[in-house]
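Asks: Listed here are the chains, written in short residue letters.
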Amino acid sequence: MKPPPFHYYDPGTVQEAIALLGSLDNAKLLAGGQSLMPMLNMRYVLPDHVIDLNRIPELSHIDESEDRIVIGAMTRQREIERSEFLARRCPIFREALIQVGHRQTRNRGTIGGSLCHLDPAAELPAVLAALDATIHVTGPQGSREVPIAEFPAFYMTPAIELDELVTSISFEPWPEGHKSAFVEFARRPGDFAIVGVAALLATNDAGEVLRAAVTLAGVAAGPVRCSAAEEQLVGAGIGDDLIRVAAETCRDIDAMEDVHAPSSYRQHLAAELVARAVQAAVDGPGAGLSR
Amino acid sequence: MSMTPEATDRRSISVTVNGQRHDVDVETRLTLADCLRHRLGLTGTHLGCEHGVCGACTVLVNGNTARSCLMLAVQADGAEIATVEGIASENGEWHPLQKAFHEHHALQCGFCTAGILTSMVEFLQENPDPDEPEVREALSGNICRCTGYQGIVQAVLDAARRLRSPNQESSS
Amino acid sequence: MSEGLIGTPVRRLEDAALLTGTARFVDDIEIPGMLECAFVRSPHPHAVIRSINSSAAMELPGVHAVFSYADLAPLLTKNLIPPDNPNLEFAETTKAIVLAEDEVCYVGEIVAIVLADSRYVAEDALTLVEVDYEILPAVSDCRDAIAPDAPRVHRHASNNVVAEFRTEFGDCHAAFANAAHVFNLSLKQHRGSGHPIEGRGIVIEFDAANDGLTAWSSTQGAHRVRNSLVDIFGLDETRVRAATPDVGGGFGSKHIVYPEEVIASGAALLHRCSVKWIEDRREHFLAAIQERDQYWDVEVATDTEGRLMGIRGSMIHDQGAYTLLGFNVPHNASLAVPGPYVLPNYQLDVTIATTNRVGTIPVRGAGYPEGTFTMERIMDLVADELGMGRDEVRRRNLISADMIPYELPLRARDGSTTQYESGDYPACLQKALDGSDFANFPERQAQARNEGRYIGIGLANCTKITGRGPFETGIVRIGPSGQITVHTGAMPMGQGIKTAYAQICADQFGVDPGNVKVIAGDTGTVPMGIGGFGSRQTVTAGSSIHLASIEVREKALKTAAHMLEVSEQDLELSDGEISVKGVPELSVSLSDVAKALSGAVGYPRPKDVPPGLEATVNFLPTGLTYGNGVHVVEVHVDIGTGGVEITRYVVVNDSGRLINPLIAEGQIIGGVAHGIGNSLFEWMGYDETGQPVTTTFAEYLLPTAPVVPNIEIIHHETPSTVNPLGVKGVGEAGVIPAAPAIMSAIEDALKPFGVRISETPISPPQLIQLIQKAQAKH
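Which chain is which? The protein sequence lines are P, H and D, in order. Count along the first sequence starting at 1, add 23, and that's the number in the working numbering. Count along the second sequence starting at 1, add 271, and that's the number in the working numbering. Count along the third sequence starting at 1, add 887, and that's the number in the working numbering.
In case anyone wonders, no lab produced these hints; they're calculated from the structure. Some clues are possibly wrong.
To spell it out: a stretch of chain H is covered by chain P in this simulated footprint if at least three of its residues, at any positions, have a beta carbon under 8 Å from a beta carbon of chain P; those stretches are [as the list claims (entries may be wrong)]: (1) 299-310; (2) 318-324; (3) 340-346.
Ideal Cβ placement from N, Cα and C applies to all residues, glycine included.
Same shape as in the complex, but just chain P (with noise of 0.2 Å):
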């Protein structure tokens, strides 16, 4: 299990490295490394040339802003984890973040990274799909803006052309004090969730849902939205009998089913976290992490 041969560049600039992803042909761009390094030692992929982001400090920052925050698409998972700004104004992050590989692989795991490989089963495309995050990728035509519900292509394949680079992902934060939960089922901490629930609610001083945002990961090839229990949630008072029936709306989604778990297993997992999530974005933060 040895990587395959490959020429190998590492741009200092996202310029650098849109015009070498526009004149090499399969070629394969190397964010945190913590997926491309093990499909290229196990060689499932066999690039012709590899494009070494990391030492483009332009990718990597954190734009602690009140009106839209900006997370370079090379930020360490670890940095975000480690963000006081994001744990105060999006706790959820670091709530998911530390369900996600290892201190190790987070060390070196960047956000973009985990976005394009765009694992089904991944919580961080599940977080920023609750968060309607906007991914920011640049290209030869120059830089767009792609909604996150729109970047699961398919299966493993984000939305976006193959001169195209993602630079940075944005969003609108939640009000201060807004609720938040990440509950996943994996079979051993650091797992893959086999399904994971982003649960971010608002409410008022009387305790009614204004807004709620639940999706799911692990159920399909990108992050699910369970607006059918959004819609339950908002508006009402929180209490156990919505929580239960806005998650019950979740046991007959379309799931996904593979060796280690058939769907109905899954659908029956989704109905049970966003519950737990749910009721773990009302009882404050650490709540969902307690299994």
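Starting from the known structure of chain P, fit chains H and D onto it as the hints suggest.
Replies: Relative to chain P, chains H and D alone:
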């Protein structure tokens, strides 16, 4: 086959490993793990799966742990690397983790040990006073087939105590 | 004589090198001019090889050779890896071959070897070797394999039955006719592979002067490697040396001599160069042995009190494509069923089926986990059906202490009688129940259920055959330097056995164990050897080393008496010095004695002491030794996800006298973790065509630190009566009753649903399905 090996490029890189600078010419596809092991002769870092799961090859890159099987050597150009060979102090005195691992029978075949030690060096710097569940969580990225982890957990907790109060001997 | 070191938790001598990165594993060995290799492996479960074309691969710079069967055949005495037991009769077509002549029978089977400058280049060349396959129908599941119209695993075979045998005693027919109750159950049992974190590997150092080789192999049997290479290549013992460097775990995976080791050695001889092969993890998934599948259908007869009257039934065992070792797994599984219980009548019909999957041999536990699973599931079934406590049904059936030594009416594999020579099973059970607060669990369970939490407790007993002979050499030698060395063929694979050996030896000389050097698993230093498996090293080699140490000690005293011109009775030996009691200045060192016995000019030597301060002992145990254990497990089952959390784990273990309790506990805990893997995580999947579907550590799940609980160990030490140290093997002890104890606990937790578990491993999706099915019934 996408290309022939003579077409693969090479780079001269400079890495500092355990405080010592090495200038080496490597094929760009060479993993950091293989560079450490077979080019620099630092065979204490082991390869258990080469797909980033077992954690045996974990080293510190600029102070942060990383799977050396999932990094190319060229990516470490200019970096400071620490491996198991560099954990003890310069005068050869073992790190408290090494002492505690010996004391608590925290290793059997020892193949996974290097990656666990490097991982725990980072972990205890960040969390000097962990409880048992935190230690187990921190160990979740390292697979040990021999020990059942119990001795490792005890050793890490003991090493944390030793690091917090360096003059105290093992409390076991 | 003081025996101060036996039974003390000496810290391991192995640790220093391992903790500082200076240990030497096989991949750490570099030999000038050495080539690395990779293997062309079949991507098909079953195919005929029409042709192999390596010309494109040979053109790749850095590639030195590509050899397939046609190239290696002239070197081979025959295309067979010698079997463990040459007298065993089984289907000829499943004999273990060196490499495929024209037919491949599992995914991963070797077709050719590539020698190159590096593993990188060797892997580059693999895709350039063109193999033209004609794909044949394959059979994946062992139950399908034995159907008359099943595709043949080997195309020239008349059927897929490797062998059939019956294990029986008593009269089951009568027992079942007279039984008060008869219950039956069907079980599906699965165990994966060993997965030591260091894979397999071998470095063949080519010795041009001798036209021979030294094989540095990460193996559990250096002598087996040497003997096989001698046999296969028609060499003599002077031309082949096999030695083990540090070995990064075995667990059964490194027990046999593999085709890779033989082919790499053949390539070294053919190409006259040194060759390294380091297995990668995918190769371990494809081509290292597994234990895999057994399907049991059994019925149990009891009296009105729940006492066993008989067990009978059948079992199908998945042998894989080749018979690599014999029938150890199914045979042991059938022998393990009675366990610590009085079972008067027993009959099991075993069918060993070949399949288009990699071959199976023992993984840690070697069939004992399966036999134990069957018996312990029977115990729970009987308890449940008769409304008895699960502890009570076991108590009623255990062999009582006064029945020991207890002769089982069964023959072991070597034909020897099966005698539980020592032990106290009821006492162990009681210790486990007390130590786990078993009696008060229902109260806690009721409270938890009120809170909506499903917790359960389970238990299981086991016995384990250990210390398999026939013998293992122990050589103890003190050189003129005064250095004490121990040599044996029974090597460690990481347990810490060198420390245990050193303790046993040092004990006789009053020295620190650190002063004893242990060289284990090197055919260059000990002519005969068997290896490290079957929880045997401390029993067999330990006993030989013990006896050899005593012999050397006596020899030293006798010689010293002569040198000091005093009587032996007036001498004492401590810290490596022999001195006259009360006159410490009148002394000689072991170095002086060794020099005297080396025949150095100017030293007097007693005429009645043979030269050399050394002894070689091949201790022959009078029988196998049986350990036993009881596991009590508490679990919490999340009925929303099917997740199982083990919240408490208590082990009572009797491995006889413990040489080093620290190391013994490490073995038990590691074994339990392996058992947890076998119960809840490790599943080596194949699809219906024979393609493996779990070939990474992200798909095949090994237990990690958060899913393994603290294991509480209570020792019960009943010395064995069949060896001078009183020891029993401990390496496999922890794994054996883990799965049935865990399943018992899960069933107990899910009692409100009436869920029954009849397979291992069990996954969260399966548990949810079982809960839903049970709910639908109500």
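Asks: Now tell me if each hint is right for this structure.
Replies: For each hint, the structure was consulted:
no.: 1; hint: 299-310; result: holds (count 4)
no.: 2; hint: 318-324; result: holds (count 3)
no.: 3; hint: 340-346; result: holds (count 6)
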